[in-house]
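What follows is each chain in one-letter form.
2 protein chains.
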Amino acid sequence: MDERPSVEVCFTPNLYPLHFDDADVVVVIDVLRATTAICAGMANGVKTIIPVASIEEALEYRQRGYIVAAERKGKVVEGFDLGNSPYSWINPELIGKTVVLTTTNGTQAIHTSRRANEMVIGSLINLDAVVKYLHKKKLNVMLLGSGWRNKFCLEDTICAGAIADGLLASGDFRSEEDSTIAAKYLYLSAKDNYLGYLKASSHRRRLQDLNLNEDIKYCLTPNQVDVVPICKDGRISI
Amino acid sequence: MDERPSVEVCFTPNLYPLHFDDADVVVVIDVLRATTAICAGMANGVKTIIPVASIEEALEYRQRGYIVAAERKGKVVEGFDLGNSPYSWINPELIGKTVVLTTTNGTQAIHTSRRANEMVIGSLINLDAVVKYLHKKKLNVMLLGSGWRNKFCLEDTICAGAIADGLLASGDFRSEEDSTIAAKYLYLSAKDNYLGYLKASSHRRRLQDLNLNEDIKYCLTPNQVDVVPICKDGRISI
Chain A
1 MDERPSVEVC FTPNLYPLHF DDADVVVVID VLRATTAICA GMANGVKTII PVASIEEALE
61 YRQRGYIVAA ERKGKVVEGF DLGNSPYSWI NPELIGKTVV LTTTNGTQAI HTSRRANEMV
121 IGSLINLDAV VKYLHKKKLN VMLLGSGWRN KFCLEDTICA GAIADGLLAS GDFRSEEDST
181 IAAKYLYLSA KDNYLGYLKA SSHRRRLQDL NLNEDIKYCL TPNQVDVVPI CKDGRISI
Chain B
1 MDERPSVEVC FTPNLYPLHF DDADVVVVID VLRATTAICA GMANGVKTII PVASIEEALE
61 YRQRGYIVAA ERKGKVVEGF DLGNSPYSWI NPELIGKTVV LTTTNGTQAI HTSRRANEMV
121 IGSLINLDAV VKYLHKKKLN VMLLGSGWRN KFCLEDTICA GAIADGLLAS GDFRSEEDST
181 IAAKYLYLSA KDNYLGYLKA SSHRRRLQDL NLNEDIKYCL TPNQVDVVPI CKDGRISI
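Residue numbers (my numbering), protein chains in the order written: chain A, 1 to 238; chain B, 1 to 238.
Since the hints were derived computationally from the structure, they do not count as laboratory data. Some clues are possibly wrong.
All copies of an identical chain are treated as equivalent in the list; a pair is satisfied when it fits inside any one copy or across any two copies.
Unchecked claim - Below are the DSS-like pairs computed for lysine-lysine, each with C-alpha atoms no more than 30 Å apart in a straight line:
{"#": "1", "residue 1": "Lys137", "residue 2": "Lys199"}
{"#": "2", "residue 1": "Lys137", "residue 2": "Lys232"}
{"#": "3", "residue 1": "Lys199", "residue 2": "Lys47"}
{"#": "4", "residue 1": "Lys137", "residue 2": "Lys73"}
{"#": "5", "residue 1": "Lys199", "residue 2": "Lys138"}
{"#": "6", "residue 1": "Lys73", "residue 2": "Lys132"}
{"#": "7", "residue 1": "Lys75", "residue 2": "Lys136"}
{"#": "8", "residue 1": "Lys232", "residue 2": "Lys151"}
{"#": "9", "residue 1": "Lys191", "residue 2": "Lys132"}
With the hints as constraints, model all of the structure from the sequences given.
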């Protein structure tokens, strides 16, 4: 019997019930762009982020005076302060502030895993920090991709594969699922050129159409920040 | 607007409703071992195969005098004639016969896609025959993996990636989904050594424990037969 903690990849929130056997820590990943924006904001002084699943909840917070970020289909929702472009989260005006956030996919994944013992926010920009944090904990890990409306998404899977590879390479973790093997293989073939590898990916095409190439480059550049945002009782902080 | 027919990969039956937009042909894939066994049987003289989802239905057929193959968890179910080992389907006694089949995953995937306009049985052993058939049809194709109890499974995805690659390489098909890109990438890195690539896969490990190494080798050797079994009105034939 292999007693090491496990690390497994779950591609999308709708598959969460199939995988949630014994994960102690869930890492929520939405590379393009929600979890990247959260990490960028947290590393640049945002104090607390309140993720909410619906525009309705976001509106309620807005009416109560909160700064609210709302994105749907890649765009800032009309009437809100910002969206999920990571650059808009690197803003001196947000330092020390609480920001409410709702996005198409990322905050849905956070909502899905809200009953996990611990929830960590992962992205490529805080990759090594997350691996280091999880390695220290030595608990069972589930890496949850946000996907695109519950469909498999390449960049989240590659990020999950990168985290899985980091933990498995240490020899201190085990893995059973084919989803984890596939994510690792995809990461290994992508890692020398994320931009080129993801050229054809559906999400990248979607954002390119919106002229978000700079955002895409930022999101696909690993290890720019050294924070591990944790979501607890509906609040994200570091 | 790209008017070419599409080819997309759906990893598992539970995701079928998310993907089933406009597929004209569904290719059901269960490399280890249901669809491989079907192709082996059909290429070796079995006349008709009746796939059924449950052991109960299989038992009813058994009582009515049919030859019945039933597999659960990699083993022949007690009281039935054979399972899904492809070697057991290459048998002179089955020539010209109708065989009823129920398996853990493969026949569930067939059941899931029973309302598709056309259903094709795909595997690595009839890979080129399937690609050729689909290329001639020039219709929208969905490649449906059987998975393992609705979890992602590496060998089905690699087979789907091989078919997708064959069609996309012709330039006559288009693809939009990240699942298709990932399947293609996985196939491309696996194709020179399927056995090695799948060494760690969960299903291979499961079958290895049952001493089914010869079966695994057979199932992972492409292009051994030149048949394209079609499932129509609940009956598979060529």
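Status of each hint after checking the structure:
no. : hint             : in the structure
1   : Lys137 to Lys199 : between (35 Å within a copy, 29 Å between copies)
2   : Lys137 to Lys232 : within (17 Å within a copy, 53 Å between copies)
3   : Lys199 to Lys47  : neither (34 Å within a copy, 46 Å between copies)
4   : Lys137 to Lys73  : neither (36 Å within a copy, 35 Å between copies)
5   : Lys199 to Lys138 : between (35 Å within a copy, 26 Å between copies)
6   : Lys73 to Lys132  : neither (33 Å within a copy, 38 Å between copies)
7   : Lys75 to Lys136  : neither (37 Å within a copy, 41 Å between copies)
8   : Lys232 to Lys151 : both (26 Å within a copy, 29 Å between copies)
9   : Lys191 to Lys132 : within (19 Å within a copy, 34 Å between copies)
Violated hints, listed in ascending order, are 3, 4, 6 and 7; each of the other numbered hints is respected by the structure.
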